[in-house]
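Just so you know, the sequences run in chain order F and S. The working numbering puts the first residue of the first sequence at 1, with every later residue one more than the last. The working numbering puts the first residue of the second sequence at 1001, with every later residue one more than the last.
Wrong hints could be hidden among the right ones.
Stated by the list, open to error - Taking lysine to aspartate or glutamate pairs in the EDC-like style, the calculated list, with each CA pair at most 16 Å apart, reads: (1) S:Lys1149 x S:Glu1214; (2) S:Lys1068 x F:Glu324; (3) S:Lys1071 x F:Asp208; (4) S:Lys1144 x S:Glu1214; (5) S:Lys1144 x S:Asp1182; (6) S:Lys1068 x F:Asp208; (7) S:Lys1148 x S:Glu1216; (8) F:Lys230 x F:Asp208; (9) F:Lys78 x F:Asp190; (10) F:Lys165 x S:Asp1111; (11) F:Lys165 x S:Asp1151; (12) F:Lys302 x F:Glu42; (13) F:Lys319 x F:Glu274; (14) S:Lys1114 x F:Glu125.
Please keep in mind that the hints were generated in silico from the structure rather than gathered at the bench.
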Amino acid sequence: MSTKNLQTGQGELFMSPNVEDARAFFHQKKKLMTNKLTSVKEAVERYIHNGDYLAIGGFGGVRIPTSLLHEVIRQQKKNLGFSGHVATHDCQILSAGECFNRCDAAYIVGLEARGLSTNARRLFESGTIQVTEWSNAALSWRFKAAAMGVPFLPCRSMLGTDTFKYSAAKEIECPFTGQKLLAVPALFPDVAFIHVHRADIYGNCQIDGILVADDDIAKASKHVIITTEKIIDHEEIRREPGKTIIPFWCVDAVIEVPFGSYPGNMPGEYYSDEEHLAEWLKKEKNPEEFAAFIRKNILETKDFYEYLQLNGGIQKIQKLHQTEHLL
Amino acid sequence: MELMVTIASRNLEDGAVVVVGTGVPCAAAMLAQMTQSPNLTILFEAGGIAPLLPSMPISVGDSRTTYKGLKSTSMAEIMEFCQAGIVDYCFLGGAQIDQYGNLNSTMIGTDYNKPITRFPGSGGANDLASLCWKTMVVTPQNQKRFVKKVDFVTTPGYLQGGNSRTEAGLPVNTGPYKVITDIGVYGYHPETRQMMLLSLHPGKTLDDVKNNAEFEILIPEKYEITEEPTDFELKILREKVDPNGLVIGRK
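Modelling step: build the complete structure from the supplied sequences, incorporating the hints.
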């Protein structure tokens, strides 16, 4: 196994993996357990600035922070960066608002078995978005490196491929075995949006089901905004500390948004609204119809509840609850 | 499609560990679990471990992927199991495949910065094909998909053939294992790593094999004729695995 001619990916590294800067930032962040309840509107106004780099929790159409993503469009935030770590409906929403100009892409423009987003594809094919290529594991491990406070992690993915060539990873030689490995740089997002099952007012969070990368994203991000299905009493957190996935000091803002993953799936609560997601894909095929659809559903709705109401409200959620439980 | 799903399922022996995606791979794993391999461990890259799938998931992260499962975890942990050598098989698709099993799911075009068609990218495909022991690909076969050169190597097969895969630093003794198409089943030459016919589906000819690939597929002197799905396999597939015809109804 030759370790000569170690290669470097030619993609742009959007965020610095400098751990001293990150440590200094996390050190000065207040660790007081204070009441962090706020509103979706205020949280986005306060924590998202044009040009910021965003990480989105969940899995594209599973446990996604829909209300925050809609608010980013409403407030017309621009030139954001984001990590496309299985970005499906979330990528579709941000593409609808043309909110970003750069992307670390592991999975974008698709909605898995549902098909491809015409509008997101148009944007990514336009040449106006700067893209750096990664794999899912590479992005997961980039968040993990940041969460660990180290500037990179070695791994064995992406080697020998164009995915590596257009990434910002580097081949390295293992100091112990001499093997060729891939170094993926720590990723410290400016802001993370994460939707959870339960949180207390201080930001201690419980998540049921798969975590995807949210435990690490919460630790890696400078600011974390949590939307939660339910606010629970602090004593409930203390009763079962083993259930806490995200501790309060990671979190800047907490908003109670029941059904907040809609039209995505919320494990154990409600299944994804496949009819509505199919409507998104269909509307995207005609730019004018799609613009009207976005106006009606996002720009001209006051908040997430108006959107939910437009698309079936509580009756729809009841139906999705039954689908979730195979009734 | 029923034939492809059935052949794929027969390649998953009892006691194996497989990472699957939605669609055909998932149907194959469910069929295997309901027929010859009740102890097949199914993993999903988003964090689902060993579900007893009640129906086909639409996302590799949705609730179905943890239904009666043994553990729900992070994507990093699933990928770490793969990297640690625990996972026998992964199942992939792609827009293009070449003679060495390299896959493209990123873009069509020659300018990375301005693709003619942008696809999702690697997702977990690159990781799974790098880190699992054996990679299986299920895909329709035609000249547009079986190309001399993929526009973008999203996911590694045997790269440039020969030893190039291990020279690139990928784990030894891993790589493409089988390609299952609507025409036949293919493996890879043990030295050159070129794609090679293993079995021809009933009613298909060697001309079908040749005319539906831009590159030359090796035809050994001896190859088999694929065994058709049994009535039992078809019954399970149609009634239990995919009653709504989401996968098997596809052309």
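For each hint, the structure was consulted:
A distance of roughly 9 Å separates the Cα atoms of S:Lys1149 and S:Glu1214; the hinted pair therefore holds under the 16 Å criterion. For the suggested pair S:Lys1068 and F:Glu324, the alpha carbons sit about 13 Å apart, so the restraint of at most 16 Å is met. Among the hinted pairs, S:Lys1071 with F:Asp208 is consistent with the structure: their alpha-carbon atoms are about 11 Å apart, no more than 16 Å. Proximity of S:Lys1144 to S:Glu1214 is assessed by CA-CA distance (about 8 Å); at most 16 Å being required, the pair is judged to hold.
Distance check on the hinted pair: S:Lys1144 and S:Asp1182 sit about 14 Å apart at the alpha-carbon level, within 16 Å; holds. Distance hint between S:Lys1068 and F:Asp208 is fulfilled; the C-alpha atoms sit about 14 Å from each other, no more than 16 Å. With a C-alpha separation of about 9 Å, the suggested pairing of S:Lys1148 with S:Glu1216 holds against the 16 Å cut-off. Restraint check for F:Lys230 and F:Asp208: satisfied, since their Cα atoms lie roughly 13 Å apart, inside the 16 Å limit.
The straight-line distance between the Cα atoms of F:Lys78 and F:Asp190 is roughly 14 Å, inside the 16 Å bound, and the hint therefore holds. Distance check on the hinted pair: F:Lys165 and S:Asp1111 sit about 13 Å apart at the alpha-carbon level, within 16 Å; holds. Between the alpha carbons of F:Lys165 and S:Asp1151 the distance comes to roughly 13 Å, so the proposed pair stays at or under 16 Å and holds. With a C-alpha separation of about 13 Å, the suggested pairing of F:Lys302 with F:Glu42 holds against the 16 Å cut-off.
Taking the CA atoms of F:Lys319 and F:Glu274, the gap is near 12 Å; set against the 16 Å cutoff, the hint holds. Annotation: proposed proximity of S:Lys1114 to F:Glu125 holds, straight-line Cα distance about 6 Å (limit 16 Å).
Every hint from the earlier list agrees with this structure, and none is contradicted.
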